[in-house]
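J.: Here is how the chains run, residue by residue.
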Amino acid sequence: MLQAIELRKSYGAREVVSGVSFSATPGEIVGLLGPNGAGKTTIVSMLCGLVAPDSGSVSIAGAPIGSDASPVKRKIGLVPQDLALYDELSAQRNLELFGALYGMSGVTLQTRCRQALELVGLTDRAKDKPKTFSGGMQRRLNMACALIHDPEILLLDEPTVGVDPQSRNAIFDNLETLKARGKTLVYTTHYMEEAERLCDRVVIIDHGKIVANDTLPGLYRLLPAVESLEIEVEGAVDTSMLAREPVVKSARQTNGRLTVGIEDLSHDAPIVLAWLEAHRHKVRSVASGHATLENVFLALTGRQLRD
Amino acid sequence: MHAFIALVRKDLVLYFSNRRAMLVNIAAPIVIAAFFGALFDPGSSKRPLRIPVAVVNQDASEIARDVVGGMKKDGSFDIRELDEPEALALVRTGKVRAAVVLPKGFGDEAARALFRPGNKPAVTVYFDPSQAMTLAVVRGLLTQRVVEAVSAAASGSGGLRLEMPFETREQEVTSRADRKYNSYAHSFAGMGVQFILFMGIDLGVSLLLMRRLGLWKRLRAAPLSRSMLLTTLIVSGALIATLILLIIYTVAIAVFGVRIEGSVTGFVGVGIAFSILTASFGLLIAALGRTPEAARGLAIFATLILVMLGGAWVPTFVFPEWLQTVSLFVPTRWAVDGLDAMTWRGLGFDAALGPIAVMLGFSVLFGGLAIMRFDWEK
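As they're listed, the protein sequences go chains Y and P. Going by this note's numbering, the first sequence opens with residue 1, and the numbers climb by one from there. Going by this note's numbering, the second sequence opens with residue 308, and the numbers climb by one from there.
Accuracy of the hints is not assured; some may be wrong.
Among chain Y residues calculated to face chain P with C-beta under 10 Å, some are [to be verified]:
#1 Ala69
#2 Leu83
#3 Gly121
Here are a few chain Y residues that sit away from chain P, every Cβ distance over 12 Å (derived from the structure) [to be verified]:
#4 Ser45
#5 Val51
#6 Leu78
#7 Ala84
#8 Arg93
#9 Tyr102
#10 Glu230
#11 Val237
Because the hints were derived from the structure by calculation, they are not lab data. Virtual Cβ for every residue (Gly too), placed ideally from N, Cα, C.
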């Protein structure tokens with residue numbers, strides 16, 4: 001199990017990580033979600049021993065990361081945000097090099113290279129140089145290089161930046177396979193859709209601090225309502241009166257459009273529509289929506305995730 | 308050990324797969340050294356180099372004719388007799404280095420002035436200011452020929468003729484009496500040093516690029532000590548530098564007749580010390596550079612200064628005395644001097660010890676500074 005306890009890091013007077021604690025267990029994908037500059041990359045750098053925290057600690061199965069040459073680091077695979085590949089070496093040579101850094105050689109190394117290439121679907125391109133690959137293929141090889149030594153924990157720092165939807169799905173499939181194999185995955189992203197699709201648990205980070213750490217249903221429960229109705233309606237609605245209805249969690253009207261927060265779409269929506277009819281408001285259109293991590297982030301920080 | 312070998316092998320493969328870098332670091336020094344070597348090769352022409360000088364004889368005297376005749380016989384000069392405007396025009400256009408004007412009445416006045424103080428004839432020497440060293444040579448030639456001609460005329464026919472009371476016997480001092488100086492030896496040393504340092508710049512810049520591309524993160528994430536990462540950089544840089552030096556000198560020996568006349572062990576020692584110096588120089592660039600682009604520009608400037616002061620372009624003996632003293636604190640001076648000493652000067656191993664020690668000292672200095680300034684968390 002990966003455990004981060006009270007991690008802090010400052011550069012000059014600026015504290016970029018402030019008391020971050022979380023854990024990730026085998027077979028779990030934990031997402032670190034936050035806007036650019038939130039401190040996600042610094043956290044990942046501390047998790048894999050690239051950056052020493054000013055205070056706090058990182059441990060894997062109870063053993064601290066320790067020095068640069070610590071054997072504990074063998075348990076971690078890092079997929080950097082940038083494409084960390086040697087363009088002039090073939091895919092196979094890249095894998096062999098990074099495998100050798102973990103002391104692998106001979107048949108074991110060749111077997112691992114084959115397995116890593118198979119996993120990311122690049123077996124037929126083993127002898128080609130990464131510079132001849134598409135962006136998505138390069139991303140997949142970037143991930144394969146982190147898997148070559150069969151780490152227990154995989155740290156992925158925005159691994160889908162600049163990737164087409166097809167390659168992104170291929171990467172997600174790879175990650176789900178790894179999860180099924182019992183690997184621990186820590187996935188940083190600023191794309192809420194990725195976190196929603198992949199992660200069992202999401203740690204929301206803003207300005208270097210954890211603002212929430214829960215499963216998706218748990219995070220949605222932080223919102224006043226999980227479901228919402230977007231209603232185009234004639235006339236000004238008395239939203240304070242509407243909000244007093246037991247099924248209504250929130251109500252506001254902007255430019256004629258009424259947004260009503262509810263808990264159960266099938267049960268609560270007819271009640272809201274009946275209330276509008278009873279108060280002589282003609283409804284022009286109705287749309288329903290489900291809470292997103294964007295809503296959660298907005299509710300917790302007062303800002304959009306992509307601000 | 309697998310990791311160490313893999314990292315060094317990776318650096319070698321990456322370097323030798325970069326044909327542009329190979330061209331710059333290996334072909335360019337050979338071509339430029341060949342050019343400079345040919346330029347300064349005293350044996351490149353069968354005929355000795357003759358300095359073109361114009362003579363304007365405005366005097367009809369026997370002495371003036373004798374002076375001009377004597378000058379024409381001198382093998383060091385290509386004497387052309389012209390009128391004054393024509394001679395001046397040739398000096399101005401650089402076709403002749405100087406023009407000597409023997410004025411009307413020169414013979415009579417020179418003969419009188421030899422024994423009696425008083426008016427001396429004024430001989431005008433026009434000279435090309437870009438070839439100022441020629442002036443002294445022309446003045447010497449003129450003095451010799453005038454003294455000979457005037458003394459012969461003054462003592463009458465068949466009388467005393469003053470001549471130079473000595474003759475010179477010129478002997479090149481090289482490694483062996485039977486061995487001619489090979490100007491390619493110095494030019495290959497100088498250009499080799501310059502372009503291998505350029506390779507050192509590439510080494511430093513490639514580390515900065517690795518940082519930018521995230522490759523450095525990947526290497527640092529592996530269970531490798533910092534000392535191993537830095538040592539592999541030094542070893543691979545030094546190996547590449549040694550290989551380049553080996554290739555350059557193989558061509559110099561095979562094609563241009565350069566010979567290691569001194570200690571072969573000393574030559575190898577100087578080469579290895581310079582290779583280590585190059586690698587530590589590259590590491591220093593990586594430690595001090597903020598971006599690959601800025602680091603490359605500054606490092607090229609620094610390298611050009613180093614090789615200029617080190618005597619790689621022109622030998623340090625032509626420097627002013629203060630600059631010669633300054634150049635002793637420049638590592639490239641020791642590299643060039645060390646290679647010269649082991650090649651055409653033919654000196655023994657003891658002459659290599661000084662350059663080796665100084666270069667290794669600079670390597671420790673550069674490496675120490677690099678380690679102090681290296682930002683591991685970038």
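J.: Which of the numbered hints above does this structure break?
T.: 3, 4, 5, 6, 7, 8, 9
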